[in-house]
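**Q** Put together the whole structure using the sequences plus the hints.
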Amino acid sequence: MTDARPHTPTRVPSFDSIKVFRELTFTHMTPPTNSGPMFVKGRIDYGIGRRFQTRKAQFRALMFIVEAKPHGHMDTAFAQLLVYLASLRHSRLQRGRTDCSVYGVASDGYVFKSVKITGDGVVQSTRLFNITDGLELELVLKCLGYLLELTEKMTPNTTPEKKVTVEEAAERDEDVDTMSYWTTRSPRHSTMTLKIRKVGSLKPKIKSCYLLCIFLMCTSCIAA
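Numbering-wise, the working numbering puts 49 at position 49 of the sequence shown, and it's gapless, one number per residue.
Don't take every hint at face value.
[Unchecked claim] Pair by pair, the computed Cβ-Cβ distance ranges are:
(1) A79 with T25: 17 to 23 Å
(2) S35 with L93: 20 to 26 Å
(3) R22 with L93: 22 to 28 Å
(4) T98 with G72: 38 to 44 Å
(5) T132 with M29: 39 to 45 Å
(6) G119 with P37: 18 to 24 Å
(7) H71 with R22: 15 to 21 Å
(8) Q94 with V122: 16 to 22 Å
Derived from the structure by calculation, the hints contain no laboratory data. For each residue, glycine too, the CB sits at the ideal point set by N, CA and C.
**A** What follows is the structure, given as structure tokens:
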């Protein structure tokens, strides 16, 4: 007896168009107030996103942001990351995206913290992971791999009538809602629930991408 029920094809993540942007400059304008609009200008240390030609499209298409500072400057990295994530979230709100959640990682090359700002503006973060003794390195890799897989799912919408290319969708800022694995333990503490899996079980393209990310962060921080 055959199963006549329709089968939903399993979506295979596409990492072919992912690129690591270094020192990505951007300018974001907040809504005008009595004193006028405020401009947020910055240079993102590392942005993980899609390959697009224009600077505006690159900023809009970021999957997550990495702020890397010298050893001992974790507070600075975290503060700058929050500003950039808030700007990216607000930019998505202005264009009516269906999921405005934004993600990032702050690091001084020795400790790492993953951060999320939800669509409602709630800041959530992991605890600090210290890789000095190597015991928590695998957790950091899992965080990076998880963020890549999660944000990759925020892909452009396509319709049966007209398929939209990745580039077209980036300019229109279309995406689909994604399932959140971030949980709040208490009003003052939020954490990210990791999908526990062996690093070796991840696909080679995923591994190579986030291993490159952590290599870039560590070498740039420690050498500074």
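**Q** Just pull the numbers of the violated hints for me, sorted ascending.
**A** none
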